[in-house]
Structure formats: structure tokens, C-alpha cells
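**Q** These protein sequences, in sequence, are chains B and X.
The first sequence runs 1 to 224 under the numbering used here.
The second sequence runs 1001 to 1255 under the numbering used here.
Worth flagging that the hints you see were computed from the coordinates, not collected in a lab.
Built from N, CA and C at the ideal position, the CB exists for glycine as well.
Some clues are possibly wrong.
[Claimed, not checked] Pairwise CB distance ranges, derived in the manner of DEER restraints: (1) Ala1239(X) - Glu47(B): 44 to 50 Å; (2) Gln54(B) - Thr1080(X): 29 to 35 Å; (3) Lys157(B) - Val1255(X): 46 to 52 Å; (4) Tyr1141(X) - Glu19(B): 18 to 24 Å.
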Amino acid sequence: MDEYISFEQIPFGSDNFAENPEPRCPCVLLLDTSGSMGGLPITELNEGVRAFKQELMQDPLAAKRVEVAIVTFGPVTVEADFHTVPNFHPRELDTTGDTPMGAAINMGIEMVARRKKEYKEHGISYYKPWIILITDGAPTDEWSVAAANVREGENAKKFAFFAIGVEGASMDILKHISVRAPLKLKGLMFREFFMWLSASMKMVSSKNPGNAINLLPPSGWSEL
Amino acid sequence: MKWKAIGQSVTGISHAAVGKGCEDAVQYKVVQDTNDDEVLICCVSDGAGSAQYAAWASGFTVKKMMDGLSDAIADAGQITEALIYQIAEQIYDGLNAEAEEKQVELNEFSGTLLGCCLAKESAVFFQVGDGAIVRNDGSGYYIPVWWPHNGEYQNSTAFLIDDRAFGNLNIAIIGERVDEVAIFTDGLQMLTLNTEGRNVHQPFFTGLFRFLGMADDEEKVTVLNRKLHEYLDSSVINARTDDDKTLFLASRLSV
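Excised from the complex, chain X in its bound form (with noise of 0.2 Å):
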């Protein structure tokens, strides 16, 4: 079965009101490993809400990131931790270099970084920061990669720029097929993760994936895509949260 993946990233309202963009930032694609398998490929960065080039930041974290997984799949049809941390340096220095070019701080520059490189027979996940990968654990119960890392405070969270040496970089590397993703920004954790219990809350994605587990065919994804931009621009997300949001989904399973 192929990936059906779609995924969005909307404005949040609070956002809006000041007139600023959307500063979170999300792309996917499916590449052929050197076997002619099909790897997903995803990454979601959150710019940080008061750094001032949150929205370049977190276009060109994804960007890079995606350039350099997609060419390492295609030339050597693996992903190794090495070469996630010789990416990450690569963005930290793309941004250093603009935030020199600029004039201003390092930390105007401020996003996480989330991210999977989904294979035949395994998988890779990665994350800087807040906001959640969340899996099919191959039973049908979703559990998150890693607990989100927030500080003490809600508002507080690691970045990329923090640190070139990455000690909040986490990196799995799992000999497990995965056919199940989710990823989403922090935006949303309220309302996916159950803080007391640190658990999944099941039924938000258990509708989601069902419906994307029966789009048998291009088209029917290109609908869910546009309908996942409305639904996470919709009142009943906007009463909850006022920061942007990403969403993004990703299944190989057909119901």
C-alpha cells in the first residue's frame, strides 16, 4: 500500500490579530530508497512567536531538512544519526549566517524542529522542543515518540539555535514498520494530549486516520487535505487555541 500523507499548517487567531503570517512550517514528500521502496519524508518546524524571523526560520529548518533527508535516502537508502546531526548543523549555520547578514540576535531566529523518515521496515523520528510525534504502535493505539519538551514554564521550550552541540536533539531509530503518523506543533497539544495521564487522547486521531484510511485514490487525499485546512482553521479549534497550528497525517493502511 502506498503513503497517503496531507498536512497543513494555519494562522492563529491571536497571530491574525496582529497582522503577522503563519510562522509554522510543514512539508512532506515520498522519495524511493536505492531498493525502489517508498520512504515518507516529514518536517514541521514552529517559529517561535516573538522572534522576528520566526517564519524564515522555520521555512528554511524544513526546507534544508527535507533536501538533505530526500538526498541522503536516494544516494545511500538510509538515514543514520550522524547525518541528522550534520543537517542540523547545516541549518544552524544557514541561520547564524543570516542572523550576521541581518545584524540581529541568534535567537530572532528561534523554531523547533520535528520530523520522520518512515521505510519499508523502519523508521526514524527526530524533534527539538514542543509539539509531538504521535505513531500507530502497530495495534491501533497511538502513543507519542517523546513527551514534549516544555520548560517549567508553558511558554518555554528548546530551539534549534539553542545549542550547536543539540543536547535537546532527540533521534529515534526503530527496526519497526510504522504505518501510522502524526505530526503536530504545539498549537494543538492541547487538545491531542491528556497532560495528566501523558497519554495520547485517542479518539482525536482515531477519526482522523479513518478517514484517510479510506481515500483510495489521489483525489479523495487532495479533499481530505483541503477539508484537514478548514477544520484546523474552524471556531471549535480557534476557541481552544490562539497560536498557529500544523497538522500533519500520514497512513499507509486502507480500511
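If we strip away everything but chain B, and leave its shape as in the complex, we get (with noise of 0.2 Å):
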């Protein structure tokens, strides 16, 4: 080679990436919005939610990956479809109504299968779903059929569902519908369990070994 190059000034390294768009982590929030949740029950859980956003908008990645769907029950109303962190804008919830649990739960299952086609119709890569619910009662509709879906869709590794429950909560048919041991809230730290839920998230892009999901301990907000 005749021209002289000096090996320390060269500009080493492409800044010419594939147009990839980030890989997406869905989460739909199942929320319970029944009467009894008024006052300041629905105070905290509009605060948790808020916190939530706030957390994950902390993190450069975990704003771009993960995808934030709220469906609220009853009746049962798709609050916000699935947007990513910074797009994310959740309104005041307010309590109406009864609690139909199941048909809030079929609807979760229904986002995330749609949402998954979505992202393979346009070749973006994707984390395991999150279905997470939150109630503070007992269904009032027919929620057989979705506990079947929550076995089936867990059985088959399309999402990991987990249920949280609020005092008065009946726990003993959230056991019925959740694979996964429900947690039970202890008195209304929303805000600590949103915290929790955001943590785990940003977790998740790490890999799994085997089929464990990665779950940080669920301390401080739960009651054991």
C-alpha cells in the first residue's frame, strides 16, 4: 500500500445498523373498575399505573420494548390498546358496574393473540406476553371458560398470566382461574406492586433458561 494509514486514526466500527425495530414485550393490564373499587381503592391503582409508566419511561430499552394494553371490567372496555411506553397514556379510571371477570379475561387472551400476529406479520421479534389482573372481588359473569383459556394458553406457553388480588378478592377462585399461585395485595400499596411489575419487566430481556419466567421476589407489596 503506498498511502501511509495510521492505524490510531482510522474510524473504526460501522454506525450502519440493520433497520431493526426493537424487539416488543406485551403486557395487558386486567383491571377491576367494579363499584366496590371506588373511593380511594381507585385512587391508588390510578396512581400505581401512573408510577408504572413513570418507571419504565426510565429506562431506554424497557420505553421502547415494552408494549403497556389496559382492559378494565366491567363492563368490559379496552381502556388503551397496545402502545409502547412514551405512547402510553393512561386516563383517570373511574368505578362503574359489576365485576365479569371472565369475559375481561377472554379479551386479554384475544389482545395477545392478535398482538403476536401483528408483530409476525411485520417481522418484529418478540418477548413472552404478560396478562396480569387485578380485582378486588369475585366474577359475576361465567369465568369457567376463561380459566380453561389461562390453563390452556399457559399449558402452551402464549403468555404467563398472574392475578393479583385486593382485599375482599376472592382468592380462592382466582386459584381456580390462575395457574401461577395469586398474590394477594397488601392493604392498597399499588404503587409498590407497579414498581415490582416494572422491575420484572425490564428483567425480562434478559434470557431464560429452560421455561422459568423471570420474576423479581414479590416483596414488600404482597401478603403471604
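Hints in hand, dock the two standalone chains.
**A** What follows is the structure, given as C-alpha cells:
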């Protein structure tokens, strides 16, 4: 080579990267907004959802990868469809109606299946979806089909389903619905719960040996 | 032309944030075969993020595979599929013994394995799990040897300890001269591979291999190797991945 090149000076390293979209980590919150959640519980729940967004925004990769959707019940309403964290703008939730938990669960499962299909169509890779149910009561609708769908989905590794009971929740029924043991929220520690959830979601991007789901110990906010 | 090789494993920002070290491992060297021809060997392993002994497992896997391959090349002069299975079994048994010793589950030693042996007119590649091996197809175009093994989900892949029959182990032995090869772990997949078209993002590699081609002495290769570390640790990379990342590049071309 005639030309002298100082190897100390060369711009080694490409900044031309494949334009891959970020992999997505979908999370559906199924939130009980029945009459009994009125007053302080709904205020604390709203506060918790806001804290959830703020926490995820702190982590630049989680902000790009986690997609949040909210379904409230009852009646069953898609409060927010899947959005990455910066585009997720939770509205203040009010309480109304009864507790059609079964229909809400089925809605959550359908949303997750539809979202995965959209990812596939766009060549986007994704993490296992999470469905989080939070309730202070017992279903007022038929829930056995929903329970069977949860079991089927968990077995086929379609999603991970978590049930959180607030004071007054029928933990017995939650045990029948959720394959994983339902957890009981201590008092109204929604904020602490959502901090834990965001920390767990940030961890999800690390690899899982086997099929274990990476979860932080539910310390602080759950009753044992 | 002699082989010029550089390779670095760098801790990802998410691992650094929780005080974990790098759980990727890379080793490479050039050995002489029985005809006194040069053979380049490289092994890479990515220890699973949530496995407790990931760093130990990746280091052990890489060392064992390197030792096994270099011994075989020096003794027999070539690598067979049976030999790779045999070394893989030794690694599996070694990880298993360590898990028993520490009284933990074997999946605390989960890791991937990627590697190559490039001889004068032939090449051997092997891979379990994600990450990828990319090679020059002879015309200056870069192709993946295999598309990364990811399950349905981004964070699920195959590991060496999954199965002692190694159903997930891919081996390719080709009677073809390979002049450029790159090996990287999944931390770099998003930057180097186009998922939609399932092909290699060419500009990423053409730039890097050009400089490796220009390095005409040992000292320049050493400079590039240091620059590779700086590059993998730079904000342009860290803005796109928080995982540990390994990149190995080898060339016997000169520009």
C-alpha cells in the first residue's frame, strides 16, 4: 500500500446498522373497576398505573420494548390498546358496574394473540406476553371458560398470567383461574406493586434458561 | 496470506447496571495442521442472562472446545463431526459435574456455543443456540451459516445443556476455502441481521473487514483489536442493545 495509514486514526466500527425494529414485550393489565373499587382503592390504582409508566420511561430500552394495554371491567372496555411506553397515556379510571372477570380475561387473551400475529406479520420479534389481573371481588359472569383458556395458554406457553387480589377478592376463585398462585396485595400498595412489575419487565430482556419466567421476589406489596 | 483475527467480549449496560460481569466468552488461535498449514480456530459462548453460573459456563465451554479442537488438528490434521459431538459431551459432563458439586440445577450453567475451524481448503462450523456465524461466500457477499436459533420468543433459545444428544447442535463441514468469517452473540443480532429479509446487513461487515484487510502487520491487528473493544463499548452500540456482546472477525485477505 502506497498511502500511509495511521491505524490509530482510522474510524474503525460501522454505524450502519440493520434497521431492525426493537423486539416487543407486550403486557395487558386487566383492571377491576367495579363499584367496590370506588374511593381510595381506585385513586391508588390510578396512582400505581402512572408510577408504572414513569418507572418504565426511566429505562431507555424498556421504554422502546414494553407495550402496555389496559382492559377495565365492568363493563369490559379496552381502555388502551397496545402502545410502547412513551405513547401510553393512561386516563384516570372511574368505577362503574359489576365484575365480568371471565369476559375481561378472554378479551385479554384475544388481544395478546392478535398482537403476536401483528408482530409476526411485520417481522418483529417479541417476548412472552404478560397478562396481569387485578381485582377486589369475585366474577359476576361465567368464568370457567376463561379459566380453561388461561390454563391452555399457560401450557402452550402463549402467555404468562398473573392474578393479584386486593382486599375483598375471592382468592379461592383466583386460584382456580390462575395456574400460578395468586398473590394478595397488602393494603392498597398498588404503587409498590407496579414498581415491582416494571422492575420485572425490565429484567425480562435477559435470557431465560429453560422455561422459567424471570420474576423478582414479590416483596413489600404482597401478603404471604 | 496469514490469518488476521480480532475478537472481544464486552459487558452490556444492563449487566453492568446490576454489577454483573460479562457472561460472553471468546477465544481464538491459529494452529498448524499435520501438513504445516495454518488452521484458524474460534469459539464463542453466550452465558444465559439469568443462569447463576453463566460466566463460568461460557468460559469453560469455550476453553474445552478450543483445547479439543487444537489437539485434534495437531494430531489428526482434521475435524470430524464425531469429534465435535465428543467434545460437546465432555463439556456437558463437565458442566453437569460442576452443577452437582455446587448442588444447583444444571440450567444455572446455560450457554450457547458457536465456532469455526478454517483450514487451507476446508471449513468447519458449529452452533447451538442464538447468535450467528457470518462468512464471505467467496464473492465478497456475507451470508449467515445458519439463521439464529430463537424460539417463538426473543428471550428463548437453545443451550448446550438442553440435551446430551445435542439435537440442537448444527455442524457444517465444507470443502471450500473461506477467507473471511465473523462470529457474534445475540447482543449484536439486532444490528447485523435483517430479520425481515433474513439476510446479513452487508454495510456492517464490509466496513469492518476492509480495515482488517488493510492491517498488514501484527501491530496494526493489535490496534484494531483495541478499537474493536472501544467500538463495542461505545454509545452507538449501547443505544441499541443492553446485552453482553461479542464480535470476532478473521480475514486472510489483503486490500
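**Q** The structure should be examined with respect to each hint, and the outcome stated for every one.
**A** These are the hints, each one checked on the structure:
no. : hint                               : verdict
1   : Ala1239(X) - Glu47(B): 44 to 50 Å  : 32 Å, violated
2   : Gln54(B) - Thr1080(X): 29 to 35 Å  : 57 Å, violated
3   : Lys157(B) - Val1255(X): 46 to 52 Å : 48 Å, holds
4   : Tyr1141(X) - Glu19(B): 18 to 24 Å  : 19 Å, holds
Consistency note: the structure conflicts with the earlier hints numbered 1 and 2.
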